[in-house]
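**Student:** Read off the chains here:
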Amino acid sequence: MTALLETRGVWQRFGGLVANSDVSISVGRGEIVGLIGPNGAGKSTLFNLIAGVLPPTQGSIWFDGKDVTNLPAAERCQRGVGRTFQVVKSFETMTVIDNVIVGALVRNTVMREARRKAHEVLEFTGLAARADVLASDLVPAEKRRLEVARALATEPKLLLLDEVLTGLTPTEAQTGVALVRKVRDTGITVLMVEHVMEIVMPLVDRAIVLDLGKVLVEGKPSDVVRDPKVISAYLGDRHAVSA
Amino acid sequence: MDKNFAARRRRDLIIAALLAALAALAPLFVKNVYIQNIMVLTLMYAALSQSWNILSGYCGQISLGHALYFGIGAYTTELLFTKFGVLPWFGMLAGGAIAAVIAMGLGYPFFRLRGHYFVIATIVIAEIGLLLFQNWEWAGAAMGITIPVRGDSWLKFQFMRSKLPYFYFALALCCLAWFVTWWLEDSKWGFWWRAVKDNPEAAESLGVVVFNSKMGAAAVSAFLVAIGGAFYAQFLAYIDPESVMGFQFSLLMALPAVLGGIGTLWGPVLGAVILIPMTELTRSYIGGSGRGVDLIVYGGLIVAISLALPQGLVSLFSRSKAKGATR
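Chains A and B, in that order, are what the protein sequence lines are. Everything in the first sequence is counted per the numbering used here, starting at 188 for the first residue and increasing by one. Everything in the second sequence is counted per the numbering used here, starting at 27 for the first residue and increasing by one.
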């Protein structure tokens, strides 16, 4: 079976800065894959390339067996790529349900259907009680969940989560982890960028570590965290040697 | 939850129907031609502002150049009528279609601009339009076009003896603009527009084609405004560039919506009902030779309202409603 998502030799340069160099990763169907790495490793850039915010300088991106390198974000969403934003981007003047309806309209052209779908998703993400509240009135953890809800309403095959668990209290993060598992159990593949290792590692099936724009290590989370290269990337060479 | 929503939509529709019926009966009690004139203008500006609100309120692309589409509606209708004998009813539709096409043609480059830059572009383009018409000999240049009067006729849409037919047309146009807004509000387009206004990047990630959404809003908005322009030309029976394409029209379309509540269903009508009679009355009582006092008064009022109620006058109603809903 082919991978759901594949990047082939992707480069991204911003002027003289190389944010991604020759990144080739693949995400199989039904996996939860963690994309980790120290600050400035190029995670967000790679994420934006996959979501279609900008085209790569070089290389190609394949989704569901097709080359989507030159498709804009909206079209990738229609093909089945859903995403959240690291800095939440709720539609602040709209209610929670209306926010989610925007997403649901991708697959449901009849308003009544879209609305029903949106309610379903709110139920699933535990936001049902907040349906008629303005998005601007949500607390930060709820806004994060709204991001996920909106993306889920587009009925994605691949869900890209950009640091949805960062900055949450431990309890909120645990609820988040449970939600991600629940999402995967519905058959949706998840690729998540995350900073907090101790939360992500038990959650993901596979981890890909980026450093300085390149893939450093890839493998089972338990192996990745012990890899000297990863330790040195995060903590510096001195620690890697002593470990 | 869904029932609440459906009930609210139905209630809006019923209120609108009642208000329209009341307005339709008004001429039975108001015989004063001066007051009737104000009522016609109020309805017209309500319709225009409602149309402006589609692009600028819902979709968030603030235009201060809608006078261009108003003028295009007026000029298309009168040029077709005076030069080719095309009835104003068809001219009106042609004007609407041309305005919609031009709005999209202009949108193609300008929807890439954001925020203030877009606003500035709209002002400049409308000003260029005005200058073009002032120098276009065939279209009468600065002299304008006088519409030949051939007696009262629905076919030619001109009435000398009574303002009532104009009143009913303006009412119908106002109802149409309101209804289109009401209908679009709960449609894919309505949701897309609001999403684009709030956060284009997030909208794009949810499958919304931002550019097309703006184009759609511009076309609908320009079409309706041009119909208003065609009406106004017939109403005046004489047009020149300044009197159908001047900057004041752009302002008078934006202000009622801003005052009443931008991006809301009822804002433009509410704003027009307060603003337009006030404009006309201040003009006739304290305007006159000292041209400007009326503008000072209403400028002051707009400042006062925007300070006290930044969400517009409709927030007076929705605030109490929200309280009632949650408690």
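To be clear, the hints were calculated from the coordinates, so they are not data collected in a lab. Given the structure is predicted, the values throughout are model-derived calculations rather than measurements. There could be a bad hint or two in this list.
[Unchecked claim] Facing chain B, a subset of chain A residues (Cβ under 8 Å, in silico):
no., residue
1, Ser-213
2, Thr-244
3, Ser-247
4, Trp-249
5, Gly-252
6, Val-255
7, Thr-256
8, Ala-261
9, Arg-270
10, Val-274
11, Val-289
12, Met-298
13, Phe-311
14, Val-326
15, Arg-337
[What the hints assert, rightly or not] Once the Cα atoms are required to be at most 30 Å apart in a straight line, the calculated DSSO-like pairs of lysine-lysine come out as:
no., chain 1, residue 1, chain 2, residue 2
16, A, Lys-344, B, Lys-109
17, A, Lys-253, B, Lys-189
18, A, Lys-330, A, Lys-416
19, B, Lys-214, A, Lys-276
20, A, Lys-330, B, Lys-182
[Claimed, not checked] Here are a few chain B residues that face chain A, going by a calculated C-beta distance under 7 Å:
no., residue
21, Arg-37
22, Glu-211
23, Asp-212
24, Lys-214
25, Phe-217
26, Ala-221
27, Asn-225
28, Ala-228
29, Glu-230
30, Leu-232
31, Gly-233
32, Val-235
33, Ser-310
Backbone N, C-alpha and C fix where the C-beta goes; we use that ideal spot for every residue, glycine too.
**Student:** Does each hint fit the structure? Answer for all of them.
**Tutor:** Evaluated hints:
no. : hint                    : verdict
1   : Ser-213                 : 22 Å, violated
2   : Thr-244                 : 21 Å, violated
3   : Ser-247                 : 21 Å, violated
4   : Trp-249                 : 19 Å, violated
5   : Gly-252                 : 20 Å, violated
6   : Val-255                 : 14 Å, violated
7   : Thr-256                 : 17 Å, violated
8   : Ala-261                 : 5 Å, holds
9   : Arg-270                 : 5 Å, holds
10  : Val-274                 : 10 Å, violated
11  : Val-289                 : 5 Å, holds
12  : Met-298                 : 6 Å, holds
13  : Phe-311                 : 16 Å, violated
14  : Val-326                 : 17 Å, violated
15  : Arg-337                 : 6 Å, holds
16  : Lys-344(A) / Lys-109(B) : 60 Å, violated
17  : Lys-253(A) / Lys-189(B) : 64 Å, violated
18  : Lys-330(A) / Lys-416(A) : 36 Å, violated
19  : Lys-214(B) / Lys-276(A) : 20 Å, holds
20  : Lys-330(A) / Lys-182(B) : 57 Å, violated
21  : Arg-37                  : 16 Å, violated
22  : Glu-211                 : 10 Å, violated
23  : Asp-212                 : 6 Å, holds
24  : Lys-214                 : 5 Å, holds
25  : Phe-217                 : 5 Å, holds
26  : Ala-221                 : 5 Å, holds
27  : Asn-225                 : 5 Å, holds
28  : Ala-228                 : 4 Å, holds
29  : Glu-230                 : 4 Å, holds
30  : Leu-232                 : 5 Å, holds
31  : Gly-233                 : 4 Å, holds
32  : Val-235                 : 5 Å, holds
33  : Ser-310                 : 39 Å, violated
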